[in-house]
Amino acid sequence: MISNKFSRLLGERLLKISKVSDETGISRTTLTNIYYRRCNAISFDVLDKLCKYLNCNIEDIIEYTEEVQR
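Residue numbers (this note's numbering): 2 to 71.
There's no promise every hint is true.
[Stated by the list, open to error] List of simulated lysine-lysine pairs, DSSO-like, C-alpha gap at most 30 Å:
#1 Lys20 <-> Lys6
#2 Lys53 <-> Lys6
#3 Lys50 <-> Lys6
#4 Lys20 <-> Lys53
#5 Lys20 <-> Lys50
#6 Lys17 <-> Lys53
#7 Lys50 <-> Lys17
#8 Lys6 <-> Lys17
[Claimed, not checked] Derived Cβ-Cβ restraints for the label pairs, each shown as a range:
#9 Val69 <-> Lys20: 13 to 23 Å
#10 Gln70 <-> Gly26: 21 to 31 Å
#11 Glu68 <-> Ser19: 31 to 41 Å
#12 Thr33 <-> Arg71: 30 to 40 Å
#13 Cys57 <-> Asn34: 14 to 24 Å
#14 Phe45 <-> Thr66: 15 to 25 Å
Quick caveat, the hints were computed from the structure, so don't treat them as lab data.
Idealized CB from N, CA, C, for every residue including glycine.
Sequences and hints are given; from them, build the entire structure.
This is the structure:
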(Lines of atoms letter the chains of each structure in order from A and count residues from 1; the text may use other names and numbers.)
(Lines give C-alpha, C1' and ligand atoms only; values in the text may rest on other atoms or scores of the structure.)
Protein backbone atom coordinates (compact mmCIF):
# COMPACT_ATOMS: atom_id res chain seq x y z
CA MET A 1 0.00 0.00 0.00
CA ILE A 2 1.27 3.46 -0.83
CA SER A 3 0.59 6.24 1.68
CA ASN A 4 0.65 9.93 0.83
CA LYS A 5 2.21 11.90 3.70
CA PHE A 6 2.42 15.28 1.95
CA SER A 7 -0.31 16.99 3.98
CA ARG A 8 1.24 15.83 7.26
CA LEU A 9 4.66 17.06 6.12
CA LEU A 10 3.35 20.53 5.27
CA GLY A 11 1.42 20.67 8.55
CA GLU A 12 4.49 19.77 10.60
CA ARG A 13 6.46 22.52 8.87
CA LEU A 14 3.59 25.04 8.97
CA LEU A 15 3.81 25.53 5.20
CA LYS A 16 0.97 26.64 2.94
CA ILE A 17 0.37 25.25 -0.52
CA SER A 18 0.56 28.75 -2.02
CA LYS A 19 4.04 29.34 -0.57
CA VAL A 20 5.32 25.97 -1.83
CA SER A 21 3.83 26.70 -5.26
CA ASP A 22 5.39 30.17 -5.45
CA GLU A 23 8.82 28.94 -4.40
CA THR A 24 8.96 25.72 -6.46
CA GLY A 25 7.02 26.61 -9.60
CA ILE A 26 4.72 23.61 -9.10
CA SER A 27 1.13 24.56 -9.86
CA ARG A 28 -1.26 25.07 -6.95
CA THR A 29 -3.65 22.63 -8.60
CA THR A 30 -1.03 19.89 -8.61
CA LEU A 31 -0.05 20.54 -4.99
CA THR A 32 -3.69 20.70 -3.88
CA ASN A 33 -4.41 17.39 -5.58
CA ILE A 34 -1.45 15.77 -3.86
CA TYR A 35 -2.39 17.35 -0.52
CA TYR A 36 -5.98 16.08 -0.62
CA ARG A 37 -4.96 12.70 -2.06
CA ARG A 38 -6.91 13.25 -5.28
CA CYS A 39 -4.12 12.16 -7.61
CA ASN A 40 -3.20 8.71 -8.85
CA ALA A 41 0.32 9.62 -9.86
CA ILE A 42 3.05 12.14 -9.08
CA SER A 43 5.67 12.90 -11.72
CA PHE A 44 9.35 12.44 -10.97
CA ASP A 45 9.87 16.12 -11.74
CA VAL A 46 7.36 17.17 -9.07
CA LEU A 47 8.81 14.72 -6.53
CA ASP A 48 12.32 16.01 -7.27
CA LYS A 49 11.28 19.65 -6.76
CA LEU A 50 9.41 18.83 -3.53
CA CYS A 51 12.32 16.83 -2.10
CA LYS A 52 14.78 19.65 -2.87
CA TYR A 53 12.46 22.34 -1.50
CA LEU A 54 11.53 20.43 1.66
CA ASN A 55 15.03 18.98 2.08
CA CYS A 56 13.61 15.50 2.49
CA ASN A 57 13.56 12.05 0.89
CA ILE A 58 10.80 10.61 -1.26
CA GLU A 59 9.86 8.36 1.68
CA ASP A 60 8.94 11.49 3.64
CA ILE A 61 6.31 12.35 1.00
CA ILE A 62 5.09 8.92 -0.08
CA GLU A 63 5.61 5.61 1.70
CA TYR A 64 5.20 2.00 0.66
CA THR A 65 4.18 -0.64 3.16
CA GLU A 66 3.32 -4.25 2.42
CA GLU A 67 -0.25 -5.27 2.99
CA VAL A 68 -0.74 -8.40 5.04
CA GLN A 69 -2.46 -11.12 3.01
CA ARG A 70 -5.23 -12.93 4.82
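Consistency of the hints with the structure:
1. Lys20 <-> Lys6: The hint holds at about 18 Å.
2. Lys53 <-> Lys6: 16 Å, holds
3. Lys50 <-> Lys6: OK: Lys50 and Lys6 at ~16 Å, within 30 Å.
4. Lys20 <-> Lys53: Cα-Cα ~15 Å, so holds.
5. Lys20 <-> Lys50: 14 Å, holds
6. Lys17 <-> Lys53: 17 Å, holds
7. Lys50 <-> Lys17: At roughly 16 Å apart (the allowed maximum being 30 Å), Lys17 and Lys50 satisfy the hint.
8. Lys6 <-> Lys17: Distance ~15 Å between Lys6 and Lys17 Cα, so the pair holds.
9. Val69 <-> Lys20: 13 to 23 Å: 39 Å, violated
10. Gln70 <-> Gly26: 21 to 31 Å: 42 Å, violated
11. Glu68 <-> Ser19: 31 to 41 Å: Given about 35 Å between the Cβ atoms, the range holds.
12. Thr33 <-> Arg71: 30 to 40 Å: 35 Å, holds
13. Cys57 <-> Asn34: 14 to 24 Å: 19 Å, holds
14. Phe45 <-> Thr66: 15 to 25 Å: Holds: the Cβ-Cβ distance is about 21 Å, inside 15 to 25 Å.
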